[in-house]
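Colleague: This is what each chain is made of:
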Amino acid sequence: ELKVEQNPLFLSMQEGKNYTIYCNYSTTSDRLYWYRQDPGKSLESLFVLLSNGAVKQEGRLMASLDTKARLSTLHITAAVHDLSATYFCASSQGGSEKLVFGKGMKLTVNP
Amino acid sequence: DVKVTQSSRYLVKRTGEKVFLECVQDMDHENMFWYRQDPGLGLRLIYFSYDVKMKEKGDIPEGYSVSREKKERFSLILESASTNQTSMYLCASSGGTGWELFFGEGSRLTVL
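Read top to bottom, the protein sequences are chains A and B.
The numbering of the first sequence is the numbering used here, which starts it at 2 and goes up by one.
The numbering of the second sequence is the numbering used here, which starts it at 37 and goes up by one.
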């Protein structure tokens with residue numbers, strides 16, 4: 002059974018700082034997703050990583066995937082307040098369309 | 037842009053009532069999903085459908101049923117609502133050549 006774990010679950014950081022958050026998954030998968038959720042809103046797709054070594058960047062966020070380690074990272078560069086949100090990673094099992102989500106990481110960026 | 041529309045943003049129902057949550061997508065996606073989201077538990081899959089009239093149980097199907105009579109519409113049914121079904125319900129769809137899951141705005145259900 003696929004399990005997805007995020008670490009940490011809560012993060013408070015200062016504007017301008019860098020940080021990396023982690024997403025581990027328990028079984029072989031070749032797809033990893035990152036989503037953002039603002040309070041009271043739905044989930045917005047950030048990245049879809051489809052192969053080992055994949056790296057994608059959008060603004061101050063960069064995501065990477067290491068399928069051998071079953072690990073994805075989301076790196077935040079020079080954080081700004083607008084990045085405050087909850088970030089979810091998700092993976093799928095054996096080519097299934099069904100996604101399993103982590104519990105989400107609530108990020109607060111303080112001025 | 038893909039649009040996934042959930043019929044009700046907020047609902048308040050009484051214990052024992054039958055509840056219908058409707059979801060419509062406009063991108064001809066084959067796959068549709070219902071998740072529930074609870075604080076500290078993340079998103080958990082209730083049911084999904086990969087074609088009209090086809091459905092598969094997710095991780096927490098108990099107390100729920102679904103209906104997919106048309107490709108664009110996927111309904112979640114609570115036959116007899118209970119207070120532990122108070123939650124945010126998220127519908128999503130995927131398909132075509134893309135791998136993304138597109139979510140609706142969510143339906144917040146309160147069962148009294």
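Hints in this document: simulated from the structure, not taken from any laboratory.
The beta-carbon is built from N, C-alpha and C at its ideal position, and this holds for glycine as well.
Honestly, I wouldn't trust all of these hints.
Derived pair list, reagent style SDA-like, types lysine to any residue, alpha-carbon separation capped at 25 Å [claimed, not checked]:
#1 Lys91(B) - Glu2(A)
#2 Lys99(A) - Gly132(B)
#3 Lys107(A) - Arg109(B)
#4 Lys93(B) - Thr29(A)
#5 Lys99(A) - Glu66(B)
#6 Lys99(A) - Glu58(B)
#7 Lys57(A) - Glu53(B)
#8 Lys107(B) - Met106(A)
#9 Lys91(B) - Ser97(A)
#10 Lys42(A) - Ser85(B)
#11 Lys42(A) - Thr29(A)
#12 Lys42(A) - Arg144(B)
#13 Lys99(A) - Arg50(B)
#14 Lys107(B) - Glu45(A)
#15 Lys42(A) - Lys89(B)
#16 Lys39(B) - Lys18(A)
#17 Lys4(A) - Met106(A)
#18 Lys104(A) - Ser123(B)
#19 Lys42(A) - Arg109(B)
#20 Lys99(A) - Gly52(B)
#21 Lys4(A) - Lys89(B)
#22 Lys39(B) - Val49(A)
#23 Lys89(B) - Asp74(B)
#24 Lys42(A) - Val88(B)
#25 Lys57(A) - Gly94(B)
#26 Lys107(A) - Glu105(B)
#27 Lys42(A) - Gln121(B)
#28 Lys89(B) - Ser93(A)
#29 Lys104(A) - Ser46(A)
#30 Lys18(A) - Pro40(A)
#31 Lys104(A) - Lys89(B)
#32 Lys99(A) - Arg61(A)
#33 Lys99(A) - Arg109(B)
#34 Lys107(A) - Glu108(B)
#35 Lys107(A) - Glu58(B)
If you anchor each label on the Cβ, the simulated ranges turn out as follows [what the hints assert, rightly or not]:
#36 Gly17(A) - Lys106(B): 35 to 41 Å
#37 Phe11(A) - Lys106(B): 30 to 36 Å
#38 Leu148(B) - Gly17(A): 44 to 50 Å
#39 Thr41(B) - Val56(A): 17 to 23 Å
#40 Pro75(B) - Tyr20(A): 34 to 40 Å
Colleague: Decide, hint by hint, whether the structure agrees.
Modeller: Structure-based check of each hint:
1. Lys91(B) - Glu2(A): With Cα atoms ~20 Å apart, Lys91(B) and Glu2(A) stay inside 25 Å; holds.
2. Lys99(A) - Gly132(B): Holds. Lys99(A) to Gly132(B) sits at ~15 Å (cutoff 25 Å).
3. Lys107(A) - Arg109(B): violated (32 Å)
4. Lys93(B) - Thr29(A): holds (22 Å)
5. Lys99(A) - Glu66(B): Within the cut-off at roughly 12 Å; holds.
6. Lys99(A) - Glu58(B): Holds. Lys99(A) to Glu58(B) sits at ~20 Å (cutoff 25 Å).
7. Lys57(A) - Glu53(B): Given pair Lys57(A), Glu53(B) is violated - Cα atoms ~46 Å apart, limit 25 Å.
8. Lys107(B) - Met106(A): Given pair Lys107(B), Met106(A) is violated - Cα atoms ~34 Å apart, limit 25 Å.
9. Lys91(B) - Ser97(A): Holds, because 14 Å separates the two Cα atoms, which is no more than 25 Å.
10. Lys42(A) - Ser85(B): The given pair, whose Cα atoms are some 24 Å apart, holds under the 25 Å limit.
11. Lys42(A) - Thr29(A): violated (31 Å)
12. Lys42(A) - Arg144(B): Holds. Lys42(A) to Arg144(B) sits at ~11 Å (cutoff 25 Å).
13. Lys99(A) - Arg50(B): violated (31 Å)
14. Lys107(B) - Glu45(A): holds (23 Å)
15. Lys42(A) - Lys89(B): violated (30 Å)
16. Lys39(B) - Lys18(A): violated (35 Å)
17. Lys4(A) - Met106(A): It holds: about 16 Å lies between the C-alpha atoms, which stays within 25 Å.
18. Lys104(A) - Ser123(B): holds (15 Å)
19. Lys42(A) - Arg109(B): holds (21 Å)
20. Lys99(A) - Gly52(B): The hint is violated at about 30 Å.
21. Lys4(A) - Lys89(B): At roughly 29 Å apart (the allowed maximum being 25 Å), Lys89(B) and Lys4(A) break the hint.
22. Lys39(B) - Val49(A): holds (19 Å)
23. Lys89(B) - Asp74(B): violated (28 Å)
24. Lys42(A) - Val88(B): violated (28 Å)
25. Lys57(A) - Gly94(B): Given pair Lys57(A), Gly94(B) is violated - Cα atoms ~30 Å apart, limit 25 Å.
26. Lys107(A) - Glu105(B): It is violated: about 38 Å lies between the C-alpha atoms, which goes past 25 Å.
27. Lys42(A) - Gln121(B): holds (19 Å)
28. Lys89(B) - Ser93(A): holds (23 Å)
29. Lys104(A) - Ser46(A): holds (16 Å)
30. Lys18(A) - Pro40(A): holds (23 Å)
31. Lys104(A) - Lys89(B): violated (31 Å)
32. Lys99(A) - Arg61(A): Measuring from Cα to Cα gives roughly 29 Å; hence the hint is violated.
33. Lys99(A) - Arg109(B): holds (18 Å)
34. Lys107(A) - Glu108(B): violated (33 Å)
35. Lys107(A) - Glu58(B): violated (29 Å)
36. Gly17(A) - Lys106(B): 35 to 41 Å: Hint violated: Cβ distance 50 Å, outside 35 to 41 Å.
37. Phe11(A) - Lys106(B): 30 to 36 Å: violated (42 Å)
38. Leu148(B) - Gly17(A): 44 to 50 Å: holds (46 Å)
39. Thr41(B) - Val56(A): 17 to 23 Å: violated (34 Å)
40. Pro75(B) - Tyr20(A): 34 to 40 Å: violated (23 Å)
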